[in-house]
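Asker: Got two chains here, each in a separate frame; can you build the complex from them with the hints?
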Amino acid sequence: MNQASSTPAPEPERRKIPLTRWLSTYFRLFAVQGSWNYETMLGTGIAFSAEPLTGLLPHDKQAATRARQTQYFNAHPYLAGVAVGALARAELDGADPVRIERFRVALTGPLGSVGDQLIWAAWLPFCAIVSLCAYGFGAGPLFTALLFLILYNLGHFALRAWGLHVGLTRGLQVAPALGAEFLRKAPRVISRLAALTAGITIPFVMYRLMDGDMSHIVGIGAGALLFSPLLILFQGKAHGWQIATVVLALFALFAVVG
Amino acid sequence: MDIVSLVLQIIPFAFIGAVVGLDTVSFPQVMLSRPIVSATLAGALAGDAMAGLTIGVVLEIMALDTLPFGASRYPEWGASGTVGGVVMALSSNAYLTQFTIAILAALVTALVSSWSMIVLRRHNVKIMRKYRTHLDAGSLAAVNLVQLLGILLDAARAGIITFAALFVFIPLSGHITDLWSINAMSTRAVIVAITASVALSGLWKLFNNTRHTIWYLLSGLLIGGGALLSR
Numbered sequence: 023m024n025q026a027s028s029t030p031a032p033e034p035e036r037r038k039i040p041l042t043r044w045l046s047t048y049f050r051l052f053a054v055q056g057s058w059n060y061e062t063m064l065g066t067g068i069a070f071s072a073e074p075l076t077g078l079l080p081h082d083k084q085a086a087t088r089a090r091q092t093q094y095f096n097a098h099p100y101l102a103g104v105a106v107g108a109l110a111r112a113e114l115d116g117a118d119p120v121r122i123e124r125f126r127v128a129l130t131g132p133l134g135s136v137g138d139q140l141i142w143a144a145w146l147p148f149c150a151i152v153s154l155c156a157y158g159f160g161a162g163p164l165f166t167a168l169l170f171l172i173l174y175n176l177g178h179f180a181l182r183a184w185g186l187h188v189g190l191t192r193g194l195q196v197a198p199a200l201g202a203e204f205l206r207k208a209p210r211v212i213s214r215l216a217a218l219t220a221g222i223t224i225p226f227v228m229y230r231l232m233d234g235d236m237s238h239i240v241g242i243g244a245g246a247l248l249f250s251p252l253l254i255l256f257q258g259k260a261h262g263w264q265i266a267t268v269v270l271a272l273f274a275l276f277a278v279v280g
Numbered sequence: 022m023d024i025v026s027l028v029l030q031i032i033p034f035a036f037i038g039a040v041v042g043l044d045t046v047s048f049p050q051v052m053l054s055r056p057i058v059s060a061t062l063a064g065a066l067a068g069d070a071m072a073g074l075t076i077g078v079v080l081e082i083m084a085l086d087t088l089p090f091g092a093s094r095y096p097e098w099g100a101s102g103t104v105g106g107v108v109m110a111l112s113s114n115a116y117l118t119q120f121t122i123a124i125l126a127a128l129v130t131a132l133v134s135s136w137s138m139i140v141l142r143r144h145n146v147k148i149m150r151k152y153r154t155h156l157d158a159g160s161l162a163a164v165n166l167v168q169l170l171g172i173l174l175d176a177a178r179a180g181i182i183t184f185a186a187l188f189v190f191i192p193l194s195g196h197i198t199d200l201w202s203i204n205a206m207s208t209r210a211v212i213v214a215i216t217a218s219v220a221l222s223g224l225w226k227l228f229n230n231t232r233h234t235i236w237y238l239l240s241g242l243l244i245g246g247g248a249l250l251s252r
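Going down the list, the sequences are from chains A and B.
Position in the first sequence counted from 1, then plus 22, gives you my numbering.
Position in the second sequence counted from 1, then plus 21, gives you my numbering.
Quick caveat, the hints were computed from the structure, so don't treat them as lab data.
Keep in mind that a hint or two might mislead.
[Unchecked claim] Chain A residues, not near chain B, derived (Cβ > 12 Å throughout):
#: 1; residue: Leu45
#: 2; residue: Ala128
#: 3; residue: Ile141
#: 4; residue: Val188
#: 5; residue: Arg192
#: 6; residue: Gln195
#: 7; residue: Ala202
#: 8; residue: Met236
#: 9; residue: Phe276
#: 10; residue: Val278
[To be verified] Computed footprint of chain B on chain A; a stretch qualifies when at least three of its residues, placed anywhere within it, have a C-beta under 8 Å from a C-beta of chain B:
#: 11; stretch: 106 to 116
#: 12; stretch: 204 to 213
Note that the structure is a prediction, hence the values are computed from the model and not measured.
Beta carbons: idealized from backbone N, C-alpha and C, even for Gly.
So that you can see chain B by itself, here it is in the shape it has in the complex (with noise of 0.2 Å):
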């Protein structure tokens, strides 16, 4: 594929993920950056919806500790979803490959975009100061700027992101395909393995600090192990 029919190709994607990396924070925060949206978002918009959403549960399921606490520092899930969708949605003739790629594409996207939102916060703290005086001076004009500009970045910010990320990632996935050499069942048993081990100390994260809420998730375990056996 040339340079100019994948920078038009993966134009659309940016601007989704502008959109859903936006509402991580910035605006409006309805949980379209949540990775089982982001993702089945650009897998659908990648012309596989189902791979979309596989991806996006797995990322989801990685996501479920990783809350976004006041000023902590975490991943940014909607640019990563998007990235990871689409990834995984293109790769229509190699599919459990892609499917490690794509969710390291994904993560490494994440890792990315959340270095990005603290450069971000700290360019907003320059824009602030910058219009200190008028902000003191109860300047409408200032306020209504200071807001715009850090709405304005984020959609920026998530967008380049994005952008780059795909730009990276689509002739990468391609070539790592035609040179992976283990089996697509035994690569998919590994990831869902990894995504087990993650989900199970994720829930232990997020549920044993509450009391007696552990005991709980152990029962559901049990009834689900159980059920699922027993089918």
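The shape of chain A in the complex, shown without the other chains (with noise of 0.2 Å):
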């Protein structure tokens, strides 16, 4: 056998991460979202926060690299880092422009919806619920704010991390690391947990914002289960804080005048 054609060819050697450039890139992932507009949405933080990596450049490339990040870019914040390593990591390995320019288009869409659906749609409340739980059943006001955000930013910090290590290790070929198990598999059984979490803390928050007056908490449960379907009735036309904003504005003006 042709030994050529059983050897894979060696890869380049890649350019290493210094780890003060590392840890700069992501504390400026943190502001990604600075300049947020509806134009080129997180086009500008996208370069702020590549600058570290864009500075390995030799100094003749670094303006059309920066140039090209500061164009429209859109991505969950939090996996933005994602986005920030794999676009550097491929300035780093001279792929061509319009090669990076495609890959930055077609990364919008996933970044957005893994985001989404794991962090807003799943981690979020689930640690608003675990803090509202806390409240329920007694805890004071630093521990169930310390719960919070402690729990919530395990999972954010961790998420950020993640998503430059991954950028930066596996530049154009980051595709298939966003369809990782624990991607997809996470939003499903966080928002369970969170479900069957919020189902038994919801009439202990009550409880306790009643003060353990147990004698209107069945009324209130009764009240409840009957405006509530009316609530989601107008999902779609408005929120339910805002229908409560209307509600209370009358209570208090029945209040007053009454």
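Answerer: Structure (structure tokens):
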């Protein structure tokens, strides 16, 4: 057998990212939405976050790279690190700018939908419900607020770090990482856990808000069961909090004038 | 209270509002802006952390189904939670009456603050267009300037909204409390019933899109409701 056909070609040596540059990029990613706008959305933020990595390029290539990065881009902010890392890796590897641009456009959709489902629709509500649960079962202000902040940000910080790591490691081949099993399954598992916890929690939260007065709890529960279907019917036209604002304003008016 | 004392009283809270309002989108999104944190923090600084937590819990429940998806419009709960927490915490002699007013103050602030975010995002477009030539030329200074301006303006936006809301609602809450005619327990029951209704509809919206998840919610309600009633 021909030795050349059985031995894979050695990969070109990739430039290592110094730890300080990695950390600097990581912390800049927390400000990736700093100039969010309706035209380029995250564009400028991507250039801002990627700057420590762009600085590793030869000086004559930095301006062109930066200019490309400031164009339209959208993604979930916590997964923007995937894009920043992958685009920087592609630039450092000397990939064709046209290919980088195509890749950048292709990355927008998946990074938005994966992050929205995982974070906004699952992780954030889950952490909020866990802290509401703590309140319902008697926790004080410091414990309740800190529980939420610590729990939420364990996931938040880890996801941002994973995103930057996977982007920098895989470069233009990052797409399969976005189909990782934990990204596909976690939203469903977390949502179910959040739903069960929320169901158990809500009666106890109401009980504590009533200062432990059981005499009104059944009436409140019955009222909520009657009124909430109306709010569900209005979903799509108005949020619950908006309807609550109107109802509370009318109640306050009645309490003052009456 | 004279205006100077009121302004001096409000300034530290406006600073807190700026920090937590900035956290909503621009920096660093660690969820200091969620009402369970912002209202508790504001309440603690106003002298009553428990009052802040109480209103924070009510607002957090109302915020459950308002998630910051992409370019969608959503309330800015950072400044809103701060306003609610402060108004509630300053109501030591009329705790329950103030509950309604504090929630209303927070919700109205959320409405105004949400609108102010849209205005800021449009303004960011103008800034970005102004520096477009420099950005297209790959200017590092332009990138840093556009980013920094966006962050500073967002902090200013949230601080001003918090200041204005407290300037209106702190004196107003005192006047409304004097005129309030419904007893404390009924007031509390109405608020909790409204909160429970919003909670159920919000949770329905949140979990009805994921297959079978709504059954987990209903099972939880049966367990939680049963456990509470059997105490």
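Asker: Does the structure break any of the earlier hints, and which numbers would those be?
Answerer: Hints 3, 8, 9, 10, 11 contradicted; others consistent.
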